[in-house]
Amino acid sequence: MVDSKQSWKAWLYLSPALVLLLIFTAWPIVNTVRISLLENYKSLAELGGATFNFGFANFVNVVTFPDFLTALGNTVLLCVLTVPLSTIIALLIAVALNSIKPLQKVLQTIFFLPYVTNSIAIGMVFMTMFNIIGTNLGSENQIVTTFGLINNVIGFFGIEPINWINAGSSYWANIAVLVIYIVWDALPFKILVLLGGLQGINKQYYDAAKIDSTPKWRVFSRITVPLLSPMITYVVITAFIGGFKEYSSIVAIFGEDMGPAGAGGRLNTMVGLIYDSLSQNMDGWASAAALILFAIIFVVTMINMYVSKKNTHY
Amino acid sequence: MDNNENIRIDALEDNENAADTPKEEVVAEEAAETAPEQSMTSKIMSEKDIEKVTTAQRIVKIAFTTLTYVFLGLMALIVLFPFYWMLISSLKSLPEYQLTVPTLFPKVIMWSNYVEAFNMANLGTLFLNTMYVGIVSTLLSLVITVLSAFAFARLEFKGKNALFAALLGTMMIPGELFTVTNYITVTAFHWQYTFTALIVPFLVSVFYIYLLRQNFLQIPNELYLAAKVDGTSDLKYLWKVMIPLALPSLISITILKMMGAWNSYVWPRLVANDEAHRLISNGLRTAFTDVASGQTNYPVQMAACTVVSIPLFLVFIFFRKYIMKGVSRSGIKG
Numbered sequence: 098m099v100d101s102k103q104s105w106k107a108w109l110y111l112s113p114a115l116v117l118l119l120i121f122t123a124w125p126i127v128n129t130v131r132i133s134l135l136e137n138y139k140s141l142a143e144l145g146g147a148t149f150n151f152g153f154a155n156f157v158n159v160v161t162f163p164d165f166l167t168a169l170g171n172t173v174l175l176c177v178l179t180v181p182l183s184t185i186i187a188l189l190i191a192v193a194l195n196s197i198k199p200l201q202k203v204l205q206t207i208f209f210l211p212y213v214t215n216s217i218a219i220g221m222v223f224m225t226m227f228n229i230i231g232t233n234l235g236s237e238n239q240i241v242t243t244f245g246l247i248n249n250v251i252g253f254f255g256i257e258p259i260n261w262i263n264a265g266s267s268y269w270a271n272i273a274v275l276v277i278y279i280v281w282d283a284l285p286f287k288i289l290v291l292l293g294g295l296q297g298i299n300k301q302y303y304d305a306a307k308i309d310s311t312p313k314w315r316v317f318s319r320i321t322v323p324l325l326s327p328m329i330t331y332v333v334i335t336a337f338i339g340g341f342k343e344y345s346s347i348v349a350i351f352g353e354d355m356g357p358a359g360a361g362g363r364l365n366t367m368v369g370l371i372y373d374s375l376s377q378n379m380d381g382w383a384s385a386a387a388l389i390l391f392a393i394i395f396v397v398t399m400i401n402m403y404v405s406k407k408n409t410h411y
Numbered sequence: 015m016d017n018n019e020n021i022r023i024d025a026l027e028d029n030e031n032a033a034d035t036p037k038e039e040v041v042a043e044e045a046a047e048t049a050p051e052q053s054m055t056s057k058i059m060s061e062k063d064i065e066k067v068t069t070a071q072r073i074v075k076i077a078f079t080t081l082t083y084v085f086l087g088l089m090a091l092i093v094l095f096p097f098y099w100m101l102i103s104s105l106k107s108l109p110e111y112q113l114t115v116p117t118l119f120p121k122v123i124m125w126s127n128y129v130e131a132f133n134m135a136n137l138g139t140l141f142l143n144t145m146y147v148g149i150v151s152t153l154l155s156l157v158i159t160v161l162s163a164f165a166f167a168r169l170e171f172k173g174k175n176a177l178f179a180a181l182l183g184t185m186m187i188p189g190e191l192f193t194v195t196n197y198i199t200v201t202a203f204h205w206q207y208t209f210t211a212l213i214v215p216f217l218v219s220v221f222y223i224y225l226l227r228q229n230f231l232q233i234p235n236e237l238y239l240a241a242k243v244d245g246t247s248d249l250k251y252l253w254k255v256m257i258p259l260a261l262p263s264l265i266s267i268t269i270l271k272m273m274g275a276w277n278s279y280v281w282p283r284l285v286a287n288d289e290a291h292r293l294i295s296n297g298l299r300t301a302f303t304d305v306a307s308g309q310t311n312y313p314v315q316m317a318a319c320t321v322v323s324i325p326l327f328l329v330f331i332f333f334r335k336y337i338m339k340g341v342s343r344s345g346i347k348g
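Respectively, the protein sequence lines represent chains A and B.
Numbering (this note's numbering) for the first sequence: 98 to 411.
Numbering (this note's numbering) for the second sequence: 15 to 348.
Heads up, a few of these hints could be off.
[What the hints assert, rightly or not] Lysine-lysine pairs mimicking DSSO-like chemistry, simulated, CA-CA at most 27 Å apart:
no., chain 1, residue 1, chain 2, residue 2
1, A, K102, B, K339
2, A, K313, A, K198
3, B, K242, A, K106
4, B, K174, A, K106
5, A, K102, B, K75
[As the list claims (entries may be wrong)] In silico negatives: residues of chain B with every beta carbon more than 12 Å from chain A:
no., residue
6, V129
7, N136
8, Q228
9, P234
10, P258
11, E289
Calculated directly from the structure, the hints in this document are not laboratory data.
The C-beta atom is built at its ideal place from N, Cα and C for all residues, glycine as well.
Looking at chain A on its own, in the form it has when it is part of the complex (with noise of 0.2 Å):
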């Protein structure tokens, strides 16, 4: 009798959540698939009472929509090259951290500090760094006002001043600095677990490297790295599941139309691919992107899984 009476009250306290995830949560799993499978579905036309025909159209459309090759290129670029790059600064710097006693709760909260912040925010004032200021900027009779900050820095170890993200400038420089943002913005989080998983592994290993007198990097090498194993994979896997996901950083620094003007969609991702599609209403191939998505983040997780285990010590 007080089972019966608990779980009716049980049904009662998680009734708000299950209603709005059976809405929010359930019912998209299942429509995402379903309208990702009727070809060219539109939801405004289905309300009209459109009926669409069952088929993998729109899979095919997506995959063969010109976009979507610089979508995943874009993405897959800017996965591959900024989460080595920040996971071995971030585990550098944590290290380093870890390592020292004076000044370590000071550094820990600068070093955290790019977390607390408003992405759009501090994109734009990346944005603004690496601006330059003029008129006619990339025709022959350009004038400039200012190069901006980060090209005189650099021009102050002569080298000459680069076309960023201006028009005109090159994808390369784009990409740049993409990576640059997105690494100052990815540094945090991956410090925040590193270093807390450095604190966790036991003195005794490195007294015991101590008494061998074991050099420091083979000490790095061969104790470290293998006991923070755990931790790396947990980073590198939420990392290629963010980076996969990229496009607020991108819309921070280049605008809406995800690129230097003049070469508007030229540095679209998979995530930007499938907002175009919503906001233009064609809800199928945005599902269909989405899906694809979520395929691909599926197989570099199980990827990146498969891979830890056999490197993972515990």
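Starting from the structure of chain A, add chain B where the hints point.
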């Protein structure tokens, strides 16, 4: 606000109890020091050799420590510089900002940029909209999370474990997959251009339910049974015992949820990007480019960025512990 919680959330929990063991360290250091002393007596090394080794080692150690600090200092500078640049740029006049060689401190401090930022970007309205969405969605979300976590942690019912596992399973799916249908749903409900569209779809977070359930489970069941014997109602027990004990987790959830509203960009842009409902991130990106001339008043733009960043810094200063704890467990931004 995107529903992108990650897997392996509990990977970190094991490390939280990592306590420093200074005593052991001292013992071990002594052991390390006595080891060469023993060899000293065994004639293999003369005393001088030992001194040489130790001074050489000491120099290496000092050099290494210096290098570590230089590296950390340099990285800290890189991390901090964008904030500094934002601040000084926000106080410069437009002509000074456009100087060929940028100045590192404003010659004339232009507080008026901030006034202009508020007027140009309508920052006041954006602030109020964001606060409204943030507060309402946090409060509702807390109620829903507490009730669900309580049911999962304390009550017995058929299919509890299966349901909980199913919920955790949804955390692996990227939020973009939900967005497509949710956009259609919100349109069908005629929620476009309302705050409801910004609040309701993200009220339930499986991760927060999970986090709080773990916390509730640590509270001994005997307390609950004793309260039952005394005839205390569930809700009273929840309010008087469980919520106070789980307060740190609730604070973490509140802060992360508020930060989510403050930083959300993609969903609001899709469903409610009109003057009356625009949130701060969306307003920030588009407000400062003069459509006619294509010219941007950068100092004013930076002033707006500073205004948007300051509340986040204040929250960070006061609630650092809760934020870092919540983040290290979830790996989500917002």
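Query raised in the report: Which numbered hints does this structure break?
Result: 1 and 5
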